[in-house]
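K.L.:
Chain by chain, the residues:
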Amino acid sequence: MRLTNRSEYGLLALVYLARHKTEGFISIETIAKAQSIPPKFLEQLMLALKRAHFLYSAKGQHGGYVLAKEPDQITLAEVIRLFDGALAPTDSVSENFYESTPIEKEKKLTGVFRDIRDYTSQKLEKTTIADVMK
Amino acid sequence: MRISLRSEYALLSLIHIARQPDTANTSVSIRNSHPIPQEALDEILVVLINARYLRLTKGIYRLAKPAKRISVAEVIRLFDGALAPLEPVSEKGYQPAPMEEEEKLAGLFGQLQEQIMDKLENTSLADLI
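Protein sequences appear in the order of chains A and U.
All letters in the first sequence, in the order written, are residues 1 to 134 by the numbering used here.
All letters in the second sequence, in the order written, are residues 1001 to 1129 by the numbering used here.
Since the hints were made in silico from the structure, they are not lab data.
Hints should not be assumed to be uniformly reliable.
Said to hold, decoys possible - Beta-carbon label-pair distances, calculated as ranges:
id: 1; chain 1: A; residue 1: Q44; chain 2: U; residue 2: K1104; range: 53 to 63 Å
id: 2; chain 1: U; residue 1: D1118; chain 2: A; residue 2: E125; range: 19 to 29 Å
id: 3; chain 1: A; residue 1: L47; chain 2: U; residue 2: A1064; range: 48 to 58 Å
id: 4; chain 1: U; residue 1: K1068; chain 2: A; residue 2: K105; range: 47 to 57 Å
id: 5; chain 1: U; residue 1: P1021; chain 2: A; residue 2: E125; range: 36 to 46 Å
Please read all numbers here as calculations on a predicted model, not as lab measurements.
We treat Cβ as the ideally placed atom computed from N, Cα and C, and that holds for glycine.
Next comes chain A alone, as it looks inside the complex (with noise of 0.2 Å):
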């Protein structure tokens, strides 16, 4: 019941593009040592990322990658379910990434996961990368 490194570092890569806005276009490499994550893990992160389109890219001696849009619509729910899929403890109670699991069957069970799930999403989708970067 934990985040991957993946949506950790995409949380933090988006965070430092955030505060860092208004100096354009910054490089993988300046990113990967202010957040202390691996340059080659960072560069698929930010491939996702922009396919996704969070993040603009440029190519160049002053390429890198800019937000692409404001921190206050980017939630922390959407980069999660981008990285990790769902943010149900369980694809049976998940609304977005639905799937048949063992304990389906389990009313009582997955009412407790289901109140996780719907609790975890209500705060995830309500805070953004704005909420969090200061």
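Keeping the supplied structure of chain A fixed, place chain U upon it in accordance with the hints.
P.N.:
Chain U in isolation, oriented as in the chain A frame:
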């Protein structure tokens, strides 16, 4: 923030046994009610015996303690480790994690963890049968 398949199987097995305390629950009868792969079930039952949640006598499984004294939290912790969404905010099983220095992020996930823990610590097998 996910529980593993092993945790799901373990909870299903424990609920099955707790629900019918006077029945001769064997690994076959558990599998007749729940489609759990045999190898996985055998391994999970051994873990539950070693952790003193189950007792095995002549092929029959019984709870080793009352259902109300087994929380969902401890079963998940047994199979999946710490329950925290992030390592640094976990009360048990501390390990440094990338987000540690971002206080607001770590704080947010700390709060989430408290809610999740609270729910799972306060739900026992007896509540689920």
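K.L.:
If a hint holds in the structure, say so; if it doesn't, say that too.
P.N.:
Going down the list of hints, with the structure as the test:
1. Q44(A) x K1104(U): 53 to 63 Å: 25 Å, violated
2. D1118(U) x E125(A): 19 to 29 Å: The hint (19 to 29 Å, Cβ to Cβ) holds, given that D1118(U) and E125(A) are roughly 21 Å apart.
3. L47(A) x A1064(U): 48 to 58 Å: Cβ of L47(A) to Cβ of A1064(U): about 51 Å, so the range 48 to 58 Å holds.
4. K1068(U) x K105(A): 47 to 57 Å: Given a distance of about 22 Å, which is not inside 47 to 57 Å, the answer is violated.
5. P1021(U) x E125(A): 36 to 46 Å: 42 Å, holds
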